[in-house]
Each structure stands twice: as structure tokens, then as C-alpha cells.
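> Each chain, written out:
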Amino acid sequence: MKIFVVGAGQVGATVVEALHSEHDLTLIDLDPGRLSALSNRYELRPVQGNAASRRVLQEAGLVDGALFIACTSRDETNIVAAMFAKRLAPEITTIVRTTREEYVEIWRERELEIDHVVSTELETAHAVSRLIGVPAARQTDIFAEGQVQMVEFDVEEGAQADVVGLPLRRAEIPPDSKVASIIRGDRTIVPRGDESIEPGDRIVVIGSPEAARAWSQLLSRSDRAVDDVVIVGAGETGVAIARLLLEQQIRVRMLEADAARAREVAELLPEVRVFHTSGLEQDFIERERIGHARAAILAMPEDAKNLYAATLAKLHGVRFTVAIVHDPLAADVFERAGVDVAVNPRTVTAEEIVRFAHDPRVLQLSMLEGDRFEVLDITVREDSALCGKAFRELPMTGSLIGAIVRDGRAIFPHGDDMLQPGDRAIIFTESSRVPQVERAL
Amino acid sequence: MAVRSARVSSVVPRRAVGVDIGGALNLVGAMLRYLALAFLFPTGIALGYGEPVWPFLASGAITAVAGFGLERITTGRDRIGAREGFFVVSVTWLLAALFVSLPYLFAEPQLRHPVDAYFEAMSGMTTTGASVLTDIPALDHSVAMWRQLSQWLGGMGIIVLAVAVLPRLRVGGRQLMEYEAPGPELEPLAASIRATARRLWFLYLGLTGAMILVLTVVAYTGLDEAMTFYEAVAHALTTLPTGGFSTRARSIEEFGAVSQWVIAVFMVVAGANFALTYRALVRGQLRAPIRDEELRLYLGLLALASIVLFLDLVREGIHTGEEAVRHAVFQASSIMTTTGYASVDFAVLWTGLAALVLVMLMFVGGSAGSTGGAIKPIRILLTGRILRRELDQTVHPEAVLPIRFNGLVVHERTLRAIGAFVLLYLAVFAVGALVIAIDSGRADLNVGAFDAIAAAATTIGNVGPAFGFAGPMGSFEPFSPLSKVVMIVLMWMGRLELIPIAVLFTRSYWRA
Numbered sequence: 001m002k003i004f005v006v007g008a009g010q011v012g013a014t015v016v017e018a019l020h021s022e023h024d025l026t027l028i029d030l031d032p033g034r035l036s037a038l039s040n041r042y043e044l045r046p047v048q049g050n051a052a053s054r055r056v057l058q059e060a061g062l063v064d065g066a067l068f069i070a071c072t073s074r075d076e077t078n079i080v081a082a083m084f085a086k087r088l089a090p091e092i093t094t095i096v097r098t099t100r101e102e103y104v105e106i107w108r109e110r111e112l113e114i115d116h117v118v119s120t121e122l123e124t125a126h127a128v129s130r131l132i133g134v135p136a137a138r139q140t141d142i143f144a145e146g147q148v149q150m151v152e153f154d155v156e157e158g159a160q161a162d163v164v165g166l167p168l169r170r171a172e173i174p175p176d177s178k179v180a181s182i183i184r185g186d187r188t189i190v191p192r193g194d195e196s197i198e199p200g201d202r203i204v205v206i207g208s209p210e211a212a213r214a215w216s217q218l219l220s221r222s223d224r225a226v227d228d229v230v231i232v233g234a235g236e237t238g239v240a241i242a243r244l245l246l247e248q249q250i251r252v253r254m255l256e257a258d259a260a261r262a263r264e265v266a267e268l269l270p271e272v273r274v275f276h277t278s279g280l281e282q283d284f285i286e287r288e289r290i291g292h293a294r295a296a297i298l299a300m301p302e303d304a305k306n307l308y309a310a311t312l313a314k315l316h317g318v319r320f321t322v323a324i325v326h327d328p329l330a331a332d333v334f335e336r337a338g339v340d341v342a343v344n345p346r347t348v349t350a351e352e353i354v355r356f357a358h359d360p361r362v363l364q365l366s367m368l369e370g371d372r373f374e375v376l377d378i379t380v381r382e383d384s385a386l387c388g389k390a391f392r393e394l395p396m397t398g399s400l401i402g403a404i405v406r407d408g409r410a411i412f413p414h415g416d417d418m419l420q421p422g423d424r425a426i427i428f429t430e431s432s433r434v435p436q437v438e439r440a441l
Numbered sequence: 001m002a003v004r005s006a007r008v009s010s011v012v013p014r015r016a017v018g019v020d021i022g023g024a025l026n027l028v029g030a031m032l033r034y035l036a037l038a039f040l041f042p043t044g045i046a047l048g049y050g051e052p053v054w055p056f057l058a059s060g061a062i063t064a065v066a067g068f069g070l071e072r073i074t075t076g077r078d079r080i081g082a083r084e085g086f087f088v089v090s091v092t093w094l095l096a097a098l099f100v101s102l103p104y105l106f107a108e109p110q111l112r113h114p115v116d117a118y119f120e121a122m123s124g125m126t127t128t129g130a131s132v133l134t135d136i137p138a139l140d141h142s143v144a145m146w147r148q149l150s151q152w153l154g155g156m157g158i159i160v161l162a163v164a165v166l167p168r169l170r171v172g173g174r175q176l177m178e179y180e181a182p183g184p185e186l187e188p189l190a191a192s193i194r195a196t197a198r199r200l201w202f203l204y205l206g207l208t209g210a211m212i213l214v215l216t217v218v219a220y221t222g223l224d225e226a227m228t229f230y231e232a233v234a235h236a237l238t239t240l241p242t243g244g245f246s247t248r249a250r251s252i253e254e255f256g257a258v259s260q261w262v263i264a265v266f267m268v269v270a271g272a273n274f275a276l277t278y279r280a281l282v283r284g285q286l287r288a289p290i291r292d293e294e295l296r297l298y299l300g301l302l303a304l305a306s307i308v309l310f311l312d313l314v315r316e317g318i319h320t321g322e323e324a325v326r327h328a329v330f331q332a333s334s335i336m337t338t339t340g341y342a343s344v345d346f347a348v349l350w351t352g353l354a355a356l357v358l359v360m361l362m363f364v365g366g367s368a369g370s371t372g373g374a375i376k377p378i379r380i381l382l383t384g385r386i387l388r389r390e391l392d393q394t395v396h397p398e399a400v401l402p403i404r405f406n407g408l409v410v411h412e413r414t415l416r417a418i419g420a421f422v423l424l425y426l427a428v429f430a431v432g433a434l435v436i437a438i439d440s441g442r443a444d445l446n447v448g449a450f451d452a453i454a455a456a457a458t459t460i461g462n463v464g465p466a467f468g469f470a471g472p473m474g475s476f477e478p479f480s481p482l483s484k485v486v487m488i489v490l491m492w493m494g495r496l497e498l499i500p501i502a503v504l505f506t507r508s509y510w511r512a
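In order, the protein sequences belong to chains A and B.
Quick note: the first sequence uses the numbering used here, first residue 1, plus one each step.
Quick note: the second sequence uses the numbering used here, first residue 1, plus one each step.
Since the hints were made in silico from the structure, they are not lab data.
There's no promise every hint is true.
Simulated pairs of lysine to any residue, SDA-like, Cα-Cα distance not exceeding 25 Å [what the hints assert, rightly or not]:
(1) A:K305 / A:R336
(2) A:K314 / B:A399
(3) A:K305 / B:E398
(4) A:K305 / B:P397
(5) A:K314 / B:H396
(6) A:K305 / B:A399
Use the sequences and the hints to build the structure in full.
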């Protein structure tokens with residue numbers, strides 16, 4: 001597929017990284033330095049120039065493009081570029097990254113001539129709120145209209161013995177779920193019945209949402225659900241997260257250092273209790289019993305402050321901390337330092353954008369462990385060689401079918417079940433095997 | 001040194017007065033001119049009943065001449081400034097009451113004393129309903145009806161009327177109406193303030209007409225022997241403005257149960273927000289009124305007070321059955337909406353507890369945007385929320401807690417104004433009660449502490465009856481002229497909700 005990517009920043013780089021091996025990429029950016037940094041590493045065609053210019057787009061050969069991804073950090077550039085692209089090549093699919101929820105609303109009202117809008121704030125908020133729903137999770141994603149959930153867990157010391165340390169065929173695994181992968185250090189194990197989960201492992205589970213919650217209870221030290229969340233930083237992202245948590249009936253408290261913004265958010269969200277404070281004072285944290293909160297989300301614009309606040313929250317007894325990080329290299333540092341999950345808005349955005357670049361049969365996609373693994377949602381072709389075979393007869397490869405959706409209902413397959421044409425298969429696979437999987441099905 | 005003295009001398013010339021008094025008076029004159037037309041109504045009644053016509057014609061002529069004269073000797077502006085607005089509203093009401101008092105001076109022996117005449121006129125214009133008359137049935141029909149009409153005019157407000165008809169108030173009229181309208185904020189019913197004013201008057205007229213109709217039906221179907229068309233008109237004119245003047249010596253007690261119920265219902269309507277009534281009756285929108293927090297509090301307090309009064313009346317065996325329900329509901333409605341009618345002499349017959357409940361109701365008043373006076377449920381509601389927030393804030397100093405009304409955030413500025421209003425209201429009331437108590441003691445009148453409190457509360461709240469000799473069947477006549485002047489001021493300040501008048505007494509108002 002011929003894909004045009006506008007913007008060689010963090011989001012652009014992540015998108016390029018995920019797509020370069022399978023597609024014909026053209027990267028457009030104003031900055032020659034950033035362009036060459038990426039074009040040296042990946043196979044792509046760099047175009048230096050302003051994408052919000054028709055001439056530049058024309059000269060880049062847009063006319064026969066299939067997909068146009070505008071993901072610079074400037075909303076207006078993205079929108080203008082995508083609108084020009086649509087004019088030049090009416091068949092092209094346009095994706096625009098935006099940081100303003102207003103544009104998403106306008107797009108939903110069909111007032112923007114753009115095919116897809118991906119909002120950094122909303123995607124981040126979704127990523128965070130999914131985590132809050134499943135406390136022990138590092139990352140989670142939902143497929144098949146919410147019927148299938150993929151969760152990545154860290155198995156810690158002290159997790160319940162029903163599943164840990166036992167061969168999987170004897171372990172009491174929650175029904176309607178499957179262990180898709182065990183990651184032990186640098187090694188990845190596609191689990192067979194005689195494999196066991198050990199403390200220190202990181203596992204990927206695919207199953208029903210109920211099963212995901214059951215796993216969360218098995219693996220987290222506390223079995224209580226999150227019902228009281230503190231969000232530090234009431235920016236656009238913080239507010240978007242608060243909205244989603246409120247929808248889940250979770251009590252939300254927000255801390256905001258800027259008086260005017262605090263007031264604005266307090267007026268905007270009557271159900272949220274807003275505090276005008278940096279959230280970093282010992283005194284305040286004790287007085288307001290911030291430590292009693294089940295989870296703390298650190299959504300300030302500065303990474304360092306988020307890390308500090310997360311550590312402070314941990315010190316005061318908050319069990320689960322999620323930090324928003326903007327520096328791509330900081331995520332690891334944060335997690336080493338004790339933040340339970342670090343969410344990078346740009347990665348989340350890139351992930352969402354990459355979903356659109358896959359085979360049109362592929363409905364959804366999620367990336368794990370950077371981009372080592374992907375989860376695909378593929379509709380099975382009629383002439384697929386795998387149709388009509390029982391699951392136990394399928395060859396063991398680096399891929400696993402976690403669930404199938406038949407007539408709109410999710411089935412969690414056992415050895416005797418068979419794939420049928422038209423089924424939607426939720427597949428966990430190594431990224432390098434994606435083209436093979438797509439071909440096989 | 002030289003430079004410095006030069007700088008000082010540039011300050012030395014006295015600053016000019018910062019208020020355009022001429023322009024303000026010009027507008028007052030223009031409005032008073034129209035008041036002259038109101039005198040035609042009692043003139044017609046006097047003709048019909050064969051009573052002297054000249055007091056009204058003379059008063060009308062004086063009013064017109066004064067209005068035109070004032071307009072002549074001053075220069076008007078095409079728009080009135082925000083600052084001049086306070087002056088215009090305050091002075092208009094003072095002068096309007098003065099002209100309304102003229103027929104009393106000319107024609108009514110009981111009101112020969114200028115203070116008495118002015119008291120009766122101010123009580124009428126401000127829809128208070130307190131009276132210095134001792135023999136109401138002795139009044140000519142035309143004078144009695146003039147009293148009733150003065151309340152009707154004052155109810156919706158002369159400024160609102162002026163905005164509706166005066167072309168020059170198209171700009172700046174909103175400000176004036178804000179100062180006059182009861183409640184913290186004026187709710188617009190139409191895009192232009194002029195159209196809003198017209199709709200309010202249209203609704204007011206319509207409701208008055210409806211009440212006349214209902215009472216007339218009651219009269220002609222024989223449901224109430226005492227009711228006549230004349231009484232229907234007279235009492236409709238003083239119910240919708242929550243006025244309380246009656247043509248009868250013993251107020252509403254003289255009418256039958258059916259009439260009393262009808263009047264009670266219309267009092268409750270008159271004490272509710274006209275904007276909500278307009279929406280419900282004219283536009284058929286019922287959702288907004290049902291969900292309105294002030295309306296709920298208003299009706300809730302009315303119900304609560306009625307129940308307490310009912311239980312007290314029954315327990316003490318003062319009334320029983322339907323009678324107890326009727327008097328409890330009627331009196332709670334009458335006092336809380338600041339109408340001031342009496343279906344029974346509660347000052348004499350009822351208990352101390354009932355008296356206390358009634359005096360407390362005098363502070364509540366009708367809703368914002370109604371014709372009722374006093375503090376108003378919306379201010380009580382928001383004051384409660386301010387207090388609750390203060391307590392919350394004491395425990396959580398960093399919490400940001402906007403206050404909402406009907407789901408919308410109320411500006412901090414508005415909240416401050418409400419707090420200031422409530423404090424000022426209580427302060428002015430306290431001073432008034434004190435002066436009345438001291439002055440009555442000096443004049444050897446039988447006025448107890450409770451009576452003085454009730455007299456101040458009833459006048460600043462524009463209610464009407466007090467306790468003691470100034471009870472619902474009594475008269476304010478025995479009070480000394482000084483006390484009467486104090487009460488006139490209380491009525492005037494209460495009607496305009498203190499602030500427009502109070503600012504006139506600040507130095508910064510007059511500075512450029």
C-alpha cells in the first residue's frame with residue numbers, strides 16, 4: 001500500500017516504525033534533520049517541505065496514494081494537509097491526528113472532510129481508563145465491540161497460587177480465557193499445557209471482560225476494585241480521563257496547580273471534586289487522605305513532576321499509579337522507578353493510527369511490548385487453508401487465536417472448535433509474522 | 001520642588017460631581033408624565049358613583065405639570081448611564097409615591113396629615129399593604145379604588161412599564177429594570193428588554209383579568225354572598241402585585257371560604273417567578289418550572305409553614321377541619337408572598353408560635369421575578385449553599401467549589417452581592433426595629449419588642465400587617481410621625497431591594 005506520513009516527530013516515527021516493512025512509505029516533514037534520521041533507519045522516501053501546501057503534496061506523488069496520515073503536532077497543519085490530499089486524490093483515506101477535542105466533535109458532526117480523526121487526548125484517556133478498570137494490568141485493549149479483552153499482566157511475588165507455579169493444564173485458569181504468551185526476560189514462550197507461570201513473568205491473556213477481571217483479581221495483591229481515583233493535572237488529557245472514569249461510576253478527585261484552570265474544570269465537571277494545589281505538598285496529601293485513593297493518575301505536562309508525584313503517591317499508600325510520559329525514553333525509567341504503568345500519549349496515538357494501515361479486513365490492532373507483538377482482528381477468507389480444521393490440529397507457530405467472533409458473538413475456542421469462513425479471529429502474534437498471518441487467513 | 005507643587009495644584013480643583021443629575025431627573029420627569037394617566041381610572045369611578053372628581057383631576061394635572069416641568073428644565077440624554085440608573089430608580093419611586101398621595105390629601109379626612117398620606121401612598125406603591133386608616137369602609141369608592149390601583153401599578157413596577165412604553169429606554173432600560181425587579185437577576189423573556197417588559201405586563205394583565213373573572217363567577221353563582229364584581233376588581237388589583245390592601249374593614253375575613261381559596265391560589269401564583277409562569281402558561285413549557293430549584297424551595301417552605309400552622313391551630317383548638325386548613329394555608333401564603341391579607345385576626349387569636357412562624361415568613365418573601373418582596377427564596381437557597389461551602393472549605397482549604405443554581409454556575413460576584421444583600425437587609429431591618437421601639441417608647445405607645453420587630457419586618461419586606469395594634473385588623477395610625485417616616489423608608493428600600501438606594505449614600509457614587 002502506498003502510504004503518506006506527514007510529520008517525523010514521535011508519533012510519525014512510531015507510525016513509520018510499525019509500517020515500513022510492509023508498505024511503500026513517503027514521509028513529509030519540514031525539518032531535514034528529523035527526516036534523514038528516519039530515512040537512514042528505515043526504507044522510505046523522504047520529502048522535505050510543508051505538507052499544508054498543494055504543490056508539495058503534488059510533487060510528492062500523492063495522486064496514487066492509498067492512505068494519508070497527518071500526524072504533526074500542529075492540528076491546523078494536519079487538517080489542511082488532509083483536506084488538500086483529499087482534493088488531489090479523492091480515493092485516498094485520510095487520517096488526522098489532533099490534540100483538540102473540538103475537532104473530534106466537529107468531525108463527528110461530519111463537518112470535516114476527513115476520514116478518521118485520532119485525538120491524542122481521547123486515545124490516552126481510553127488507554128488509562130482501561131487500565132484503571134483492571135488494576136494489575138500493564139496494558140489492555142478491547143476487541144469485538146467489547147466482548148473480547150486482551151490484557152498484559154506483570155506476575156508479582158505473592159500472586160495467588162491457583163495459577164502461579166503450576167503447569168497450565170492443571171492451573172485454575174478463569175474460564176473463557178487463554179494465556180497467549182509468557183514473556184520471561186528476553187524470551188517469549190508460546191505456552192503449551194506443560195508450561196507454567198512464574199513470579200516475575202509478564203503474561204498476555206485474551207478472554208472475556210469477566211475473565212480479564214478474574215485474572216486481575218488473581219494476580220493483583222488487592223482484590224478490591226478501583227472506586228476512588230486521584231488525577232493530578234487537569235489539562236485536556238486529565239479531563240478526558242476524568243470523563244471516562246465518571247462514566248464507570250468511579251469517584252474522581254482532581255488536583256490542578258493553576259487557579260483559573262482549576263475553577264474552569266470544577267465548573268465543567270460538577271461530579272469531580274477539584275483542588276487547587278500542585279499536589280506535591282506532604283501536608284495536603286495527608287489532609288485530603290490522598291493515600292486512600294485506589295489509583296493515582298499523573299497527567300501533568302512535565303514528566304519529571306509526574307514521576308515525583310507518582311513516587312509520592314506510592315509513599316502515601318496509593319496502590320496503583322499511572323503516569324503520562326511524553327519523552328519516549330522516559331517510560332522505561334518510570335516503570336523501573338516504581339510507577340506501575342507509564343502511558344505515552346504519542347505511542348497510544350501512533351498505535352491507533354497504525355490500526356488503519358492494515359488490511360481492510362483487519363478491524364483492529366493493538367501493539368504490545370513496544371511493537372514486538374500485535375493483536376489482530378481478522379475476518380477469515382472463504383479459501384483459507386485453516387478453515388474446517390479443529391484447533392488442536394492447527395500448527396503451533398508464534399501466533400495464537402485467542403477468540404473468534406461468529407454471528408456477532410464471541411467464542412473462546414477449545415481444541416475441538418473449528419474456524420469457519422466469515423469468522424472474525426482475534427489473533428495474538430509476533431509483529432514480524434503479521435503478513436504471514438494475514439495471508440494464511 | 002517646583003515640579004512637585006505644580007503636580008499638587010493640578011489636583012486641587014474640586015472634582016466635579018460624577019453623576020449627571022440633570023439627565024437623570026429628565027428621565028424621571030418623562031416617566032412621571034405617564035403616571036398622570038393613571039388618575040383617569042379613579043376619575044371614572046368617581047363619576048360612576050357620583051363622588052367628587054376634582055381631587056383626581058387636580059392630582060393628575062399636578063403630576064403631569066411636574067413631569068413636563070422636570071423634563072423641560074433639564075436636558076435629557078438619549079441613553080441613561082449605569083450610574084444615573086440608581087438615582088433614577090430611587091427618585092422615581094419617591095416622587096411617584098408623592099403624587100399618588102395627592103388625592104388622599106385632597107379628599108380623605110383620615111389622611112389629612114401629609115405623613116399619613118405619604119405612608120398610605122408608599123405602602124400602596126411598594127405593595128406593602130400596611131395602612132394608617134382606621135375606618136376603611138368610610139372611604140369613597142374612588143379613593144378606595146385608587147389605593148388598590150396604586151398597588152397594582154407598583155406591583156409589576158413603574159420602571160418596567162416605562163421600559164415597555166418609553167422609546168428612549170430601548171438602550172439602558174435593562175439596567176433600570178434590573179434595579180427595580182425583585183431578585184438577584186432579571187430573566188429575559190425575549191431578545192429585547194422592551195419585549196420582555198411588554199410580555200411581563202401582558203402576563204400581569206392577563207392574570208389580573210383571570211382573577212377578576214373567577215371571583216366574578218364566584219359572586220354570580222352565589223358561592224359567596226359577600227363577593228361582588230366591584231370587590232373582585234378591587235382584590236384582583238391587590239392580589240397579583242402581592243399588595244394586600246382591601247376595601248373591607250376586616251380584610252378577606254369578610255368573604256366566604258370559596259373566595260378565600262381562590263385568593264390563596266392567586267397569591268401563590270403572584271409570589272412565583274413570572275418568567276416561569278409565562279413559560280408554563282404561554283409557551284406550555286412545564287419542565288423548566290418543575291425543575292426550578294427556587295420554585296421548589298418556595299413551594300416547600302409554603303407547605304412546611306402551612307403544616308406547622310395547621311398543627312398548631314388544631315392542637316390549640318383555635319380552628320378545626322377545613323377551616324384550620326384554609327386559614328393555615330391562606331395566612332402562610334399571604335405572609336410569605338408578602339401580600340398581607342388576613343382571613344382571620346391572627347394577631348389576636350393565634351398563638352405565640354404561630355406569630356413567630358409568620359414573622360419568620362416575612363423574611364422569606366416571594367420568588368425572584370415575582371411581585372413579592374423580602375429576601376426571596378433564591379437568596380436564602382444560595383446563602384445556604386455559600387454557608388455549606390464555607391464549612392466544606394474549612395476542612396478542605398484547597399477544594400475548588402463553584403456554586404450552582406439550576407445546574408448553572410453562579411458567578412462569585414453574584415454570590416458576594418447576595419451575601420451583602422442579606423446582611424444589609426438584616427442590618428437595615430435591625431436599625432428600623434430599634435428606632436421604632438425607641439420612638440414608640442418615647443411616645444408612650446403599647447409596642448413590645450416583638451411588635452417593633454414585626455413592624456420593621458413587615459415594612460421592609462413589603463408584607464403589610466404587623467402585630468399589636470398594627471395587626472391585620474388594626475392600623476398603623478397610632479405610631480408617631482417619626483416611626484412612620486422610618487417605615488416609609490423601610491418600604492421604599494425594601495421594594496427596590498436596598499442596593500440601588502444604599503449606593504446613593506456612598507461617597508464613591510458621587511465622585512467622578
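> Are the hints correct? Go through all of them and say.
How the hints compare with the structure:
1. A:K305 / A:R336: Given pair A:K305, A:R336 holds - Cα atoms ~16 Å apart, limit 25 Å.
2. A:K314 / B:A399: Status holds; Cα separation ~22 Å.
3. A:K305 / B:E398: With Cα atoms ~19 Å apart, A:K305 and B:E398 stay inside 25 Å; holds.
4. A:K305 / B:P397: With Cα atoms ~23 Å apart, A:K305 and B:P397 stay inside 25 Å; holds.
5. A:K314 / B:H396: OK: A:K314 and B:H396 at ~22 Å, within 25 Å.
6. A:K305 / B:A399: Holds, at about 21 Å.
Of the numbered hints listed earlier, not one is contradicted by the structure.
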